[in-house]
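Asker: Chain A is already provided as a structure; the job is to place chains B and C on it using the hints.
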Amino acid sequence: MATILFLEQCLNGLQLGIMLFLMAAGLTLIFGVMGLINLAHGSLYMIGAFACAAVASWTGSFILGLVASVVCAAVAGALIEVGVMRRLYQRDHLDQVLATFALILISSEAMRWLFGSYPLYLDVPEVFYGATNLFGVLQYSRYRLFIIVVGLLTAIGIYLLINKTRIGMRIRAGASDRQMTAALGINISLIFTLVFALGAALAGFAGALVGSIQSVDIGMGEPVLILAFVVVVIGGIGSIRGALVGAIIVGMVDTLGRGYLPQLLQLVLDPVFANTLGAALASIAIYVLMIIVLIFKPQGLFPAHG
Amino acid sequence: MSSPVIEITNLSKSFGAIQATQDLNLTLNFGEIHALIGPNGAGKSTLIKQITGHLQPDQGEITFLGQNITQLLPANRAKLGLAQTFQVSSLIMEYSCLDNLLLVVQARSGSSFSFFTAVRDDQILLAQAHNYLQQVGLSQRHHLLASALSHGERRQLEIAMALALEPKAFLLDEPMAGMDPAGVKHLIERLKEMRLQAPILLIEHDMAAVFALADRITVLDYGRIIATGSVESIRNNEQVQTAYLGVAP
Amino acid sequence: MGNYMSEKYLNRIMIALLIVLPWLAHWLDEPYYVSLATRVAILALAGVGLNLALGLGGMISFGHAAFFGIGGYVTGILASHALNYEPIFSGFISIPGTTQMLIIWPLAMLIAAIVAVFIGLLSLRTSGVYFIMITLAFAQMIYYFSISWPAYGGEDGLPIYMRNGFPGLNTLQPIQFFMICCTLLLIVLWGVSRLQNSRFGNALQALRQNETRVASIGINPLGIKLTAFVISATITALAGSLFADLNRFVSPTMFSWHTSGQIMIFVILGGLGRLYGPLAGASLFILCEAVLGGWTEYWQFFLGLLLLGVVLFARGGLIGLLTREQKNV
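Those sequence lines, one after another, are chains A, B and C. For the first sequence, the numbering used here begins at 68 and goes up steadily by one. For the second sequence, the numbering used here begins at 2 and goes up steadily by one. For the third sequence, the numbering used here begins at 4 and goes up steadily by one.
So that you can see chain A by itself, here it is in the shape it has in the complex (with noise of 0.2 Å):
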């Protein structure tokens, strides 16, 4: 029994990684070609889940929403770069900061105009109601499991993208060398608004498929935001490659403490206590795991440059 619900806890951990995966990959794409430090991240993981809520229900069809989901967010995205993004590429990390803290407080008050402040439900398409049995023991939920498949699939994509297409070989040399890109006669100013509407499709598909398991709120893309910038920093920031491991890891840790850290705690500390002191852990504990990441690796697992 014990085993089994380890296995469950260690699926959600995998399916909560994937998630921060497509989160994290193109904030640390966007930081890796244009230098860019972008909050307003989650702000595409909100417009994708509201795209998809919305198109879901006008529609009836789910694959619609997802759809909308990955376009609307990707437009967005596009729009951004063009509108704002470009004119932060030269500056220090402060303005950047600042002028995509101002695009979450311009997007998030937007979408509450659009839509009103009570959340919305997304339903998914019947075949995904209920559990699966997995290797015969286990009854996990369909849409996890639908989940987890799914981001896999992508990115092995976002993988073979970058590292096996000709868009991906410019991109990661816009990476390396933005100047010898730029000599070499490749339009950069494409790539990078390439860059930022792929990474805003994934993180607006990223909301839409986490919308139908929680609810689709103003606020959702923030603590996504935070987690996923956890994951770059531990990753490497600029490596897909450290956002993939990192992304995991942090899955794995936060999904394992919170099911596990109040029970270890049990073990010697009277057990009201030891519930409180673990939840409260277990809720700070990648905060700690990034710090002693950042303390013994300053630039992270998978440094990308130098």
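Quick caveat, the hints were computed from the structure, so don't treat them as lab data. Warning: the hint list may mix true and false statements.
Restraint ranges, calculated between C-beta atoms of paired labels, are given here [said to hold, decoys possible]: (1) G286(A) / P109(C): 33 to 41 Å; (2) R153(A) / Q23(B): 44 to 52 Å; (3) L336(A) / S93(C): 15 to 23 Å; (4) A69(A) / L175(C): 54 to 62 Å; (5) A213(B) / W193(C): 50 to 58 Å; (6) Y196(A) / I117(C): 47 to 55 Å; (7) P370(A) / D122(B): 40 to 48 Å; (8) P370(A) / Q242(B): 57 to 65 Å; (9) L27(C) / A119(B): 30 to 38 Å; (10) L127(B) / S256(A): 48 to 56 Å; (11) Y196(A) / L113(C): 54 to 62 Å.
Simulated coverage check for chain A against chain C, where a stretch passes if three residues somewhere in it have a Cβ under 8 Å from a Cβ of chain C [stated by the list, open to error]: (12) 165 to 173; (13) 176 to 189; (14) 284 to 298; (15) 339 to 348; (16) 353 to 363.
All C-beta atoms, glycine included, are put in the ideal place defined by N, C-alpha and C.
Answerer: The following block gives chains B and C in isolation, referenced to the frame of chain A:
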């Protein structure tokens, strides 16, 4: 004979597969100008950074006035009396010339942990700062921001900042770089005065200047010393001519 | 300079307005406006704290909410113990709570300083984006801890039933509490203006521009930066303590990253690195909130636009715009 001011023993540093410093031994003696030459990428700047403490060597030891400084922070090495000028001018760009020097004089003359008295009201510090500016001929420009200075003036300001530390040794990283012939000539005279104050480890590409100034020359290539000795012996060394001066033997 | 006023002149006008307007409101019997001015003074104080690290020292701390919140929670915890007659610590000696501002402030600042030494030592090892992220992470850590630790209200926060006292004053009267906050702001502004021109300030501002150079003349960057970070944290904690007393309530929101972002906004709207920038910024912020907030519930949309505009087009902030003066270093 007295012990050297700077003594480097068995210093090694590598970046991945590249050996930037290989088992290097070097001394800087009282009263001398010791020039360090070598082609680009020979490891001169890497060596300077290890002496100043901006890079940590993999192996070996650096002593300064008999004290092992290998583990010291850059600031503490400077406090002991190690002054450097940078290959690319490194100034406090939004500070005036005078403020750049005030900062150095302040650092040398006590703690920076004083929170209430205005630094610009300290007449003693001001007088000292003005004095060093005058020494390099920047008195008229004292109010200008460092960012507004010409290239030559920035190099002068760097020299003034090194002087203001009243150091026990100078590390000068290509001080002549980018200067016009008149400036170079002027700087050669200045270095001749500075050597009276403290020995100079001089990295320089301008061979005429090196031959005019140096007591000893050490030639670096691929992180190793390929020759060291008097100006004459280096001038005539075949290995040096192949590696550096590009003359076929 | 033309028709633009000098920064010094503008600063004096701001201070005069900050003192005169609340008294006017007081005489007109409009306590709401007095409390608005009190908020301006407190938030400006928090900004002055951050400005020391951010504007002078170039340390982009995205975690100053941690110190603001610590100031608030120390105040709330001490007061709640005192009002419930429960000692904070009972063992071989018993430590009671207190409702005396004069005891609460130094304690709040001391505890923030201790936390700031710890955070600073770890985060100043990094730079650039990593510094931004690690300061954010520390603040988030405290935020989530405050939510999930139930002893002092957890997610619901902790009420302070009676505003803490100050000898000889009736702090419950808005104008008197305002005068306390305003006086503290003026004292801190004076202190920071001295610090700016001191040896310490000289080294700190040089460090922001060229750390390698400053190290090479014998000033250890870490010591200077850490000290500035800690002083900055204590000022922000003092503001947090006053903020708790103003609202008579503390909650985890004080630790949230929105709070860090807002304190940063005060600094930037007014003008980065300008002594009175946070006062201008906090005034503008409260003005926006009061005017736009009365007009539309989506006022933060316009705040966002304003902030974006300032960052993209008016980097000197409000003071820079009004005076057309370059920041004097």
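Asker: Each hint needs a verdict: does it hold in this structure or not?
Answerer: Hints, verified against the model:
1. G286(A) / P109(C): 33 to 41 Å: At 36 Å between Cβs, range holds.
2. R153(A) / Q23(B): 44 to 52 Å: holds (47 Å)
3. L336(A) / S93(C): 15 to 23 Å: Check passed, 21 Å falls within 15 to 23 Å.
4. A69(A) / L175(C): 54 to 62 Å: Holds - the Cβ-Cβ distance for A69(A) and L175(C), about 57 Å, lies within 54 to 62 Å.
5. A213(B) / W193(C): 50 to 58 Å: Between A213(B) and W193(C), where Cβ atoms are some 56 Å apart, the hint holds.
6. Y196(A) / I117(C): 47 to 55 Å: Hint holds: Cβ distance 53 Å, inside 47 to 55 Å.
7. P370(A) / D122(B): 40 to 48 Å: holds (47 Å)
8. P370(A) / Q242(B): 57 to 65 Å: violated (41 Å)
9. L27(C) / A119(B): 30 to 38 Å: Between L27(C) and A119(B), where Cβ atoms are some 36 Å apart, the hint holds.
10. L127(B) / S256(A): 48 to 56 Å: Holds, at about 50 Å.
11. Y196(A) / L113(C): 54 to 62 Å: holds (57 Å)
12. 165 to 173: holds (count 8)
13. 176 to 189: holds (count 4)
14. 284 to 298: Coverage by chain C holds for the stretch 284 to 298 of chain A (4 residues, Cβ < 8 Å).
15. 339 to 348: Check passed, 3 qualifying residues.
16. 353 to 363: holds (count 6)
Hint 8 alone, counting from the list given before, is not met by this structure.
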